[in-house]
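K.L.:
What follows is the residue order along each chain.
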Amino acid sequence: MEKRQILSALVYNRAGVLVRIAGLISRRGYNIDSVTVSATENPKFSRMTIVVTCDEDLTEQLRRQLAKLEDVKVITHIEEENATNRELLVIKLKALPAERASLYKVAESYGAKVVDVGEATMTLEITGQGEEMDGFIEHMRRYEIMEMARTGMTVLEKGDRIITDYFEEY
Amino acid sequence: MEMTGAQIIVNCLLEQGVDTVFGYPGGSVLNIYDALYEYRGKIKHVLTAHEQGAAHAADGYARSTGKTGVCIATSGPGATNLVTGIATAYMDSSPVVAITGNVPLALLGRDSFQEVDITGITLPITKHNFIVKDIRDLADIVREAFRIANTGRKGPVLIDVPKDITAAKWEYEFKEPRYANVLRQASEDSIEKAAEMIKAAKRPLIYAGGGVVSSGASEELVRFAEAADAPVCCSIMGLGGFPASTPLFLGMIGMHASCESARATNECDLLIAVGARFSDRVAVNRTEFAKKAKIIHIDIDPAEIGKNVSVDHDIVGDLKDILPRITAKIEPQNHKEWYGDIVIKCAEERAKEGESMADPAHVIGTVRSLMRDGDIVVTDVGQHQMWVAQYYKFEKPRTFISSGGLGTMGFGLGAAIGAKTGNPEKRVVLFTGDGSFHMNINELVTLASYELPIVVVVMNNTVLGMVRQWQKLFYGKRFSQSAPERKTDFVKVAEGYGLDGMRISCAGEVESVLRRAFELNRPVVVDCRISPDCNVLPMIPPGGGVDKIIVEME
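Sequences listed follow chains A and B, in order. FYI, numbering that gives the first Met the number 0 numbers position 169 of the first sequence as 168, with every residue one higher than the one before it. FYI, numbering that gives the first Met the number 0 numbers position 428 of the second sequence as 427, with every residue one higher than the one before it.
Check the hints yourself; a few may be wrong.
What the hints assert, rightly or not - Straight-line Cα separation of at most 20 Å, EDC-like style, residue types lysine to aspartate or glutamate; simulated pairs: (1) A:Lys72 x B:Asp546; (2) A:Lys72 x A:Glu137; (3) B:Lys306 x A:Asp56; (4) A:Lys67 x B:Glu347; (5) A:Lys104 x A:Glu69; (6) A:Lys43 x B:Glu143; (7) B:Lys293 x A:Glu137; (8) B:Lys132 x A:Asp133; (9) A:Lys104 x A:Glu78; (10) B:Lys293 x B:Asp268; (11) B:Lys306 x A:Glu59; (12) B:Lys425 x B:Glu484; (13) A:Lys67 x B:Asp268; (14) B:Lys306 x A:Glu156; (15) B:Lys291 x B:Asp279; (16) B:Lys547 x B:Asp279; (17) B:Lys198 x B:Glu330; (18) B:Lys306 x A:Asp54; (19) B:Lys328 x B:Asp546; (20) B:Lys132 x A:Glu69; (21) A:Lys112 x A:Glu80; (22) B:Lys198 x B:Asp300; (23) B:Lys344 x B:Glu143; (24) A:Lys72 x B:Asp311; (25) A:Lys43 x B:Asp139.
Keep in mind the hints are simulated off the structure, nothing from the lab.
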C-alpha cells in the first residue's frame, strides 16, 4: 500500500552529498516529498530525513540502493508510528491592526508564536507534526496568506534506539 | 618524500600494482603525462585513437585479467568521451578507475576553456567519484578509488584532478594497499534454508550471472551444480563462468535463450540465481518468468534482492564463500530424468528444423576450433554478439568479453586492445559487425601502433542486422535507416591503417582464410560476408513469456 515513508540517514558531511542522494532517488523513479539535512553532534556527519510516498517493498529497495552510496554511513526505515517527527512552519499573514487581536488568540490556541509584526502583516511560527500543520494552515486560510515556508519532516526514532545501532544490523 | 601531485598519482597507481594504463593526453593532464614519462619503465601507457577507446580498453583489461583497469583523459571533451565507456563498465560491474584532468581550481565553475563538471556528469554511472580540491587529500583519494572499485559489487570510480593539484607538491609516503572485507558472512540459518529448499526440489535450475565470474567462483559453482544435480544456464555475463562442455550446461538464458534453457526455466520448481540480476533481457516478462518455481537469489549486492522479481529466499554475500557451504549441506541429488528429457526434446525439435547451420554459426565454430579454452573472445553489440554467445562453447571464466548491460556498439575494438594488452600470451579474437565496427573503427590505429596481434572478424551483412530483425518482426519490414548502403572496403581499410586485411566471400573460404589469419600472428581484419537475412533465433519477444518464443522467421 502506498503511504508516506520515512528514511532516516547518517551521511558524511561532504560536498555533493545531497545531490548524490536526491539524484539516486529521482533516477530510480521515486518522488521526494521532503528532505531535511542538518549538522549533528559530530561534525563528520549530517543527519537526513527523507520522506517519499510508496509501498513498503519499494521503500526497502530504495533504502538498500541508498545504503550503497559511499557517502551514506547508515540508513534506516522508520515506521511513522515509531517516529517523533516535527516540522517547522513560518507563515506571513495579512493582518491590519484591527485583525491582530483575533489572530493572536488563534495563534495561541494552536501553540504558534508571533515572530514578526509588520505594518500590514504578521508572521507566525509553529512546530508540529504534518497533520497538525495542515490543520493550522487550513485555519489560516480565513486570513490572507501572503507567503509561507515549511521545513519538511525531521525525524528521530522513538525510544532508546539511536541510528548507529542499526549499523551492525544491515 | 615531497612530490608533485602528478608524481603522487603515478606512485599511488604503482602502490596498487598497476603496470598498464590507457589514455590520451591533453592540456589539463600534461603534468600527469610528464610523470608517466618519468615512470615509463614501470607503467606502460597505451595511447588510443579516442578517449572512448581508452575507457573500453581499461574495461576489457579489467574483465579479462580480473585486475583494475585504469584510463586517463584530459578535461572537457576528453572527459566526456570517457562517459560511454564508464557507463558500460558500470552496467557490467567492471572495476575501472578513470582519472580526468580539470581546469585549475581558481577557474572551476567559470565555464573555462575545456571545463566540464565530469563528476556531475558521471554521478549516475560510477560507484563513486571524487574531485580533488586539496593536494593533501590526493593520495588517499586515489587509494580510496581503488578500494571502492574492487570491493563488494565492483564498478567504475572517477577521480577528477584540477591541473594545479597535479603541479602542487606534498609529502608522499608508500602505503600497502589493503581492502578491509566489509562483507558480512551469510548466516548459517540462511545456508541451511537454501540447502533444505534444494533437497526438496524435484526440478532445480541454476541461473548463473556475471557475479560468478567476478567473484572467481566458477569451480565452486561446478561442484555445487554437480552436488545438486541441477542444470545451469548462464546470462550473457555469466558465459564462461560454467564450462559449456559439462552435460549440466544448458546454454544462455533470456531473450535469445537456447531451447534447453527456455524450457528448463519454464518447468523448474526451484530457480537458484547466483550472481545474477534478473534483467529485462533475462526475465523478459517478470511475472511469467519461472513462474512454477520458488526462487533463491544469491548475490553480493543487497539492493539486487527483490529489485526485479520477488524471491522466496535470499542470501547476500560472496559466492565463493556461500556456494561451498551449501554444497557441504546437500547429499548428492539426482535429477537426470528431468533435464535429460529436456535435452532430448530440444534435440528432436532441432532435428525437425533440419538444423540448417547458419553461416555465422559455422564461422564461430571454425574460430572456436582455432582457439584454446583460455583464449579470449571479445564482441561488439548486435546479432554477431548473440551468435557468439549462443554458439561459441566457453569453458573458462574471463574468456568472453562483451557489453551485456549497456549494449554498447563500438565497445569491441577498445575492449580487445585492453584484453590483448593484459594477456599478451593468449589469442584474442574480436567478433564485430559492420555497424558496431564503424562506430570506433579508428582504434585500428592502436592495433597498428602497438602491433597487437588481434584477429578482427567482421560479420559483414551490410545492414544493421539486429535493427533489421526487429523491423521484420515488429515493424512490417519497414527498414527505416537500417540499410546504410556503405561502400567501405574493410580489406582496404585494414591496409590503410597498416594492418592485414582478408575477405571471406563464401562458405568454402571460411576455414582457409581464418586459419591464415590466425597464423599471421599480426593484427588482421577479416571481412566475413554473411547474408543480411541471418536472424538471431530463437527469440522471446520483449515482454513475452517462453510460450511466445519465435523459432523461425524469414
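K.L.:
Determine for every hint whether it applies to the structure shown.
P.N.:
Consistency of the hints with the structure:
1. A:Lys72 x B:Asp546: violated (46 Å)
2. A:Lys72 x A:Glu137: violated (39 Å)
3. B:Lys306 x A:Asp56: Holds. Lys306 (chain B) to Asp56 (chain A) sits at ~9 Å (cutoff 20 Å).
4. A:Lys67 x B:Glu347: Between Lys67 (chain A) and Glu347 (chain B) the Cα gap is close to 48 Å, so the pair fails against 20 Å, i.e. violated.
5. A:Lys104 x A:Glu69: violated (50 Å)
6. A:Lys43 x B:Glu143: Status holds; Cα separation ~17 Å.
7. B:Lys293 x A:Glu137: violated (51 Å)
8. B:Lys132 x A:Asp133: violated (44 Å)
9. A:Lys104 x A:Glu78: Violated, at about 35 Å.
10. B:Lys293 x B:Asp268: Roughly 6 Å between the alpha carbons, so the hint for Lys293 (chain B) and Asp268 (chain B) holds.
11. B:Lys306 x A:Glu59: Holds - the C-alpha atoms of Glu59 (chain A) and Lys306 (chain B) are around 10 Å apart, at most 20 Å.
12. B:Lys425 x B:Glu484: violated (36 Å)
13. A:Lys67 x B:Asp268: With Cα atoms ~32 Å apart, Lys67 (chain A) and Asp268 (chain B) exceed 20 Å; violated.
14. B:Lys306 x A:Glu156: violated (27 Å)
15. B:Lys291 x B:Asp279: Holds, at roughly 19 Å.
16. B:Lys547 x B:Asp279: Satisfied, since the Cα-Cα distance of roughly 15 Å is no more than 20 Å.
17. B:Lys198 x B:Glu330: Status holds; Cα separation ~8 Å.
18. B:Lys306 x A:Asp54: holds (13 Å)
19. B:Lys328 x B:Asp546: With a Cα-Cα distance of about 36 Å, the restraint between Lys328 (chain B) and Asp546 (chain B) is violated, given a limit of 20 Å.
20. B:Lys132 x A:Glu69: Since the Cα atoms of Lys132 (chain B) and Glu69 (chain A) sit roughly 18 Å apart, the hinted pair holds (cutoff 20 Å).
21. A:Lys112 x A:Glu80: Given that 20 Å is the threshold and the Cα spacing comes to 27 Å, the pair is violated.
22. B:Lys198 x B:Asp300: violated (26 Å)
23. B:Lys344 x B:Glu143: violated (53 Å)
24. A:Lys72 x B:Asp311: Judged against 20 Å, a Cα distance of about 29 Å means the pair is violated.
25. A:Lys43 x B:Asp139: Holds - the C-alpha atoms of Asp139 (chain B) and Lys43 (chain A) are around 17 Å apart, at most 20 Å.
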